[in-house]
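Protein chains in written order, with the numbering used here: chain A, 906 to 1055; chain B, 906 to 1055.
Careful, some of the hints might be misleading.
Repeated chains share a single entry, so a pair holds when one copy, or any two copies, can fit it.
Unchecked claim - Listed below are the simulated DSSO-like cross-link pairs for lysine-lysine, each with C-alpha atoms no more than 30 angstroms apart in a straight line:
id, residue 1, residue 2
1, Lys1053, Lys932
2, Lys968, Lys932
3, Lys932, Lys1013
4, Lys1013, Lys917
5, Lys968, Lys1053
6, Lys1053, Lys1013
7, Lys968, Lys1013
In short, the hints are calculated from the structure, not lab data.
2 protein chains.
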Amino acid sequence: MIIHEMSRQEIKELLTRASIGRLACAKDNQPYVVPLRFVYNSVYLYSFTTVGRKIEWMRENHKVCVEFDEIDATNSWYTVLVTGRFEELTNAPEHVAERNRAHELLNKKAEWWEPGFVKTIIRDEERPLEPVYFRIAISETTGHKAVKTG
Amino acid sequence: MIIHEMSRQEIKELLTRASIGRLACAKDNQPYVVPLRFVYNSVYLYSFTTVGRKIEWMRENHKVCVEFDEIDATNSWYTVLVTGRFEELTNAPEHVAERNRAHELLNKKAEWWEPGFVKTIIRDEERPLEPVYFRIAISETTGHKAVKTG
């Protein structure tokens, strides 16, 4: 196996076909990482979730990193890292267009809304469902791939 | 679909059968997340990699978070988060026993060593292969599962 950097085109293709990314945020240098559904569109990753630790932390610290991968085997995989900035798409008039765009893009992927909108029972209490739309403004992408050898 | 917390036993079982986790570390509140192979053993996660950004960052800031998941479908998944502390297992005499333990545990999983030990070509230059063993001292685990309904 040899590990190579991916080309810009390969990175773009992986981001386009990927749906689940692992989103990392941080507070007081404590990182936190969760799987989340994303849709890639040129310079943004769009997503949707409910209020919780990750949203509270990203509202405080906009720096995020999202990891996407396709792992067939230990010696055959792709992984793409996106570094960027959290931007919440609120109900405010200046966000409406982008919020609708996020909704439209996410809606194209089947069942995209389920994890964000379902009944969540934590310690026998239902968690309130406050939908939060956001986008990640991409500042950098890097990708690596492992290629099988003889 | 309803999302529930996982029991301690369910979390332990998932960590035992999981092999790839997404490791998040942070520097100056910039998070960074990469997939890596782990072996769970009671209060530690053992792993192995080569020198690079994640090792440099974790040497500076020991706070880490590792995410494991099993995603069958949008409405059927498990995810476990491990919060802990990076501890490098060097060649120093006081680390030898734990380093051997890490090696032994990782060796049980087929091909575990490949991603860390392969030829890596970055910008047409081979990257030096300096193996780094480490463990994550687990301080907290949480787990959630989505259960299909109706």
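Indicate which option fits the pair Lys968, Lys1053 if close means a Cα-Cα distance not exceeding 30 angstroms: within, between, both or neither.
Classified as neither: same-chain Cα gap 34 angstroms, cross-chain 34 angstroms, threshold 30 angstroms.
What label fits Lys932 with Lys1013 when the C-alpha limit is 30 angstroms: within, between, both, or neither?
neither (33 angstroms within a copy, 36 angstroms between copies)
Give the relationship of Lys968 and Lys932 under a CA distance limit of 30 angstroms: within one copy only, between copies only, both, or neither.
both (10 angstroms within a copy, 11 angstroms between copies)
If the cut is 30 angstroms between Cα atoms, do Lys968 and Lys1013 qualify within a copy, between copies, both or neither?
within (27 angstroms within a copy, 37 angstroms between copies)
When no copy is specified for Lys1053 and Lys1013, does a C-alpha distance of 30 angstroms or less occur within a copy, between copies, both, or neither?
Answer is between: at 22 angstroms across copies they meet the 30 angstroms cutoff, but 34 angstroms inside does not.
Within a copy, between copies, both or neither: where do Lys1013 and Lys917 come within 30 angstroms Cα-Cα?
within (18 angstroms within a copy, 36 angstroms between copies)
Between the shortest in-copy and the shortest cross-copy C-alpha distance, which are at most 30 angstroms for Lys1053 and Lys932: within, between, both, or neither?
For Lys1053 and Lys932, neither the intra-copy (39 angstroms) nor the inter-copy (33 angstroms) Cα distance is at most 30 angstroms.
Hints 1, 3, 5 from the list above are not met by this structure, while the remaining hints are.
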